[in-house]
Amino acid sequence: MAEREQSLFEAPPMGEQERMVEAMLFASAEPLTIQQMIGRMPHGSEPAEAVQHLRRRYEGRGVQVVRVGEAWAIRTAPDLGFLMREEVVEQKKLSRAAIETLAIIAYHQPVTRAEIEEIRGVSVSRGTIDQLLELDWIRLGRRKMTPGRPVTFVVTPAFLDHFGLETPRDLPGLRELRAAGLLENRPPPGTEAEEGPQADDSQGDMFGEEAEDGPES
Amino acid sequence: MAEREQSLFEAPPMGEQERMVEAMLFASAEPLTIQQMIGRMPHGSEPAEAVQHLRRRYEGRGVQVVRVGEAWAIRTAPDLGFLMREEVVEQKKLSRAAIETLAIIAYHQPVTRAEIEEIRGVSVSRGTIDQLLELDWIRLGRRKMTPGRPVTFVVTPAFLDHFGLETPRDLPGLRELRAAGLLENRPPPGTEAEEGPQADDSQGDMFGEEAEDGPES
Amino acid sequence: MEESNVTSIEARRAAEALIVDVEGYEGPLDVLLMLSRTQKVDLRQISILALAEQYLAFVEEAKALRIELAADYLVMAAWLAFLKSRLLLPPDPAEEGPSGEELAAHLAFQLERLAAMRERAADLMARDRRGREFFARGITADVTRVRRITWTASLLDLMQAYARLQTKGEFRPFVLDRESIYTMEEALADLRPIIGAQHSWSDISRFLPAGWAEEPKKRRSATAATFAAMLELVKEGRAELRQGETFAPIEVRGKSGRDG
Chain A
1 MAEREQSLFE
11 APPMGEQERM
21 VEAMLFASAE
31 PLTIQQMIGR
41 MPHGSEPAEA
51 VQHLRRRYEG
61 RGVQVVRVGE
71 AWAIRTAPDL
81 GFLMREEVVE
91 QKKLSRAAIE
101 TLAIIAYHQP
111 VTRAEIEEIR
121 GVSVSRGTID
131 QLLELDWIRL
141 GRRKMTPGRP
151 VTFVVTPAFL
161 DHFGLETPRD
171 LPGLRELRAA
181 GLLENRPPPG
191 TEAEEGPQAD
201 DSQGDMFGEE
211 AEDGPES
Chain B
1 MAEREQSLFE
11 APPMGEQERM
21 VEAMLFASAE
31 PLTIQQMIGR
41 MPHGSEPAEA
51 VQHLRRRYEG
61 RGVQVVRVGE
71 AWAIRTAPDL
81 GFLMREEVVE
91 QKKLSRAAIE
101 TLAIIAYHQP
111 VTRAEIEEIR
121 GVSVSRGTID
131 QLLELDWIRL
141 GRRKMTPGRP
151 VTFVVTPAFL
161 DHFGLETPRD
171 LPGLRELRAA
181 GLLENRPPPG
191 TEAEEGPQAD
201 DSQGDMFGEE
211 AEDGPES
Chain C
1 MEESNVTSIE
11 ARRAAEALIV
21 DVEGYEGPLD
31 VLLMLSRTQK
41 VDLRQISILA
51 LAEQYLAFVE
61 EAKALRIELA
71 ADYLVMAAWL
81 AFLKSRLLLP
91 PDPAEEGPSG
101 EELAAHLAFQ
111 LERLAAMRER
121 AADLMARDRR
131 GREFFARGIT
141 ADVTRVRRIT
151 WTASLLDLMQ
161 AYARLQTKGE
171 FRPFVLDRES
181 IYTMEEALAD
191 LRPIIGAQHS
201 WSDISRFLPA
211 GWAEEPKKRR
221 SATAATFAAM
231 LELVKEGRAE
241 LRQGETFAPI
251 EVRGKSGRDG
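Residue numbers (the UniProt record's numbering), protein chains in the order written: chain A, 1 to 217; chain B, 1 to 217; chain C, 1 to 260.
Since the hints were made in silico from the structure, they are not lab data.
Take these hints with a grain of salt, some might be off.
Stated by the list, open to error - Derived pair list, reagent style DMTMM-like, types lysine to aspartate or glutamate, alpha-carbon separation capped at 20 Å:
no.	chain 1	residue 1	chain 2	residue 2
1	A	Lys92	C	Asp157
2	C	Lys84	C	Glu101
3	C	Lys84	C	Glu61
4	B	Lys93	C	Glu119
Let the sequences and hints guide you as you build the complete structure.
Here you go:
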């Protein structure tokens with residue numbers, strides 16, 4: 001500080017003072033008052049003016065020079081707050097219950113919840129339906145003209161889009177599924193080599209089922 | 001790229017992306033990689049380009065956009081350090097052995113403990129290595145493909161950040177040292193004759209590897 | 001013994017200084033580097049011979065002053081004495097190993113390399129450094145991590161799920177398919193409900209399950225299982241077996257518990 005008093009030099013040019021204020025506001029762990037800036041800057045500096053220059057310079061930028069009580073600080077522009085979130089996207093396979101429910105709706109639409117439960121042989125949880133609704137893969141169809149007028153479910157254009165179908169009628173029928181080998185429950189890759197050809201047929205069921213259950217667990 | 005073209009949403013204009021990068025770099029004390037920025041910015045953004053715009057924008061200002069290895073950061077201009085006396089963190093004084101060991105690792109990386117000892121002509125104490133590891137200035141590199149597969153040491157991004165180096169290639173005088181042959185690991189004469197041609201080969205490989213993996217590669 | 005060779009006052013002073021605080025030196029190479037400075041020449045043109053003599057003098061003086069020298073220093077002294085002899089004597093063509101010149105050149109290389117590293121280390125520490133000349137952001141914003149889960153399913157998943165549902169009846173717990181094997185358990189299960197009503201003797205072959213009597217392989221299995229099951233029922237007291245003679249038909253009738 002003694003150094004400053006003894007200084008024979010004039011105060012730095014305003015551009016330089018602006019740089020100084022910029023660096024201080026950036027590096028300081030706390031907002032800085034004009035007095036604190038004066039205390040750090042060369043003798044004769046006018047940080048109050050430099051702050052105003054800096055404030056204008058940052059207008060419309062990603063960060064702003066803002067007043068915090070009696071002090072000044074640099075803050076993220078309010079519209080960019082979303083950048084302070086880091087989104088970690090995790091891809092998960094749909095649960096077996098959800099995919100089965102979806103398949104039934106796709107093949108049998110419009111279909112009621114009771115009908116889905118009858119085909120699946122187990123009750124359908126509210127969460128499963130909600131998840132499919134949220135994914136926008138199913139929506140409510142018209143009510144069925146049966147006692148109680150139950151709601152029905154149908155698939156959406158988003159469903160067709162996701163699965164690359166033009167219409168729900170494009171879904172292959174049972175006969176075609178069988179022809180395509182989808183009804184044979186194939187063992188997962190790797191087990192085939194270990195099993196003899198005879199064992200393949202008889203054990204296929206179990207391994208096929210296991211393979212399908214794998215990703216969900 | 002294909003992904004970007006398919007996007008339903010256009011990437012924000014470059015000026016807007018520059019603001020985003022500005023906000024993110026201002027908000028972080030540690031360097032951010034382009035990947036980290038991409039993870040936080042809207043789909044289709046190109047922070048690598050935005051960072052270059054931003055870097056030019058801050059040329060000559062009180063803070064600067066600097067490259068730290070594979071990442072980017074904003075740092076105050078070094079000529080304004082005198083304003084930041086209050087921000088100075090007292091750093092533990094490094095021993096002469098630690099400083100020399102650090103320099104040897106930086107210039108010879110990846111380098112084994114035995115090689116460090118060969119260069120310094122004295123054994124390297126456990127404490128010296130520990131201190132440098134603790135500072136996060138060095139880390140373990142991959143093992144050397146020589147008998148015993150010794151561990152190697154390399155410098156870290158934190159080292160680059162601390163010493164204001166963009167990459168290990170920017171180490172002062174690296175080119176001159178290499179030209180003078182001072183980064184070669186010459187075996188003492190006589191070791192070749194004693195160990196026979198097999199040992200020669202393996203050592204040759206080691207030096208070859210070192211030359212390829214050295215800071216200049 | 002080499003004291004007379006230390007002619008330079010500077011070198012003598014340097015050597016004395018070294019002895020005073022030998023602890024402050026980082027090994028023999030460091031001492032050699034220090035001694036070489038007194039020669040004030042490029043490290044590549046240094047006189048290794050003179051350097052070796054200075055080092056040996058340093059070690060002698062240390063001994064005279066009863067300073068404990070680390071083994072490293074003594075090893076280096078021995079090696080330098082050897083190097084000195086090599087440099088002074090005419091080369092012996094019969095002798096194996098590197099020449100004195102090669103050894104000297106390597107030592108010069110080591111010294112030059114160490115000196116270079118020292119300079120670079122000093123350059124490095126003199127750089128603008130984070131937290132000293134330049135600074136990182138003082139007020140940082142916390143980045144919150146948001147986990148977003150996207151659900152996926154393929155058309156194949158969908159079709160397989162449907163196929164699974166439509167063929168659910170075909171699914172059963174895993175059993176080895178043994179088409180031609182009739183087990184004793186099966187035979188017991190089949191016989192128990194009917195054996196009590198069988199009051200007259202009859203051939204056990206009449207009790208084979210329908211469709212198992214034609215094919216020989218199946219008939220064998222069914223016969224064996226039925227016979228074993230009958231034995232089991234006899235043991236339980238619910239049936240009686242009899243056979244007229246060897247290989248004659250085996251006959252069975254229910255006991256219905258009347259006789260105890």
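**Asked** Out of the numbered hints, which ones does the structure contradict?
**Response** Result: no hint breaks.
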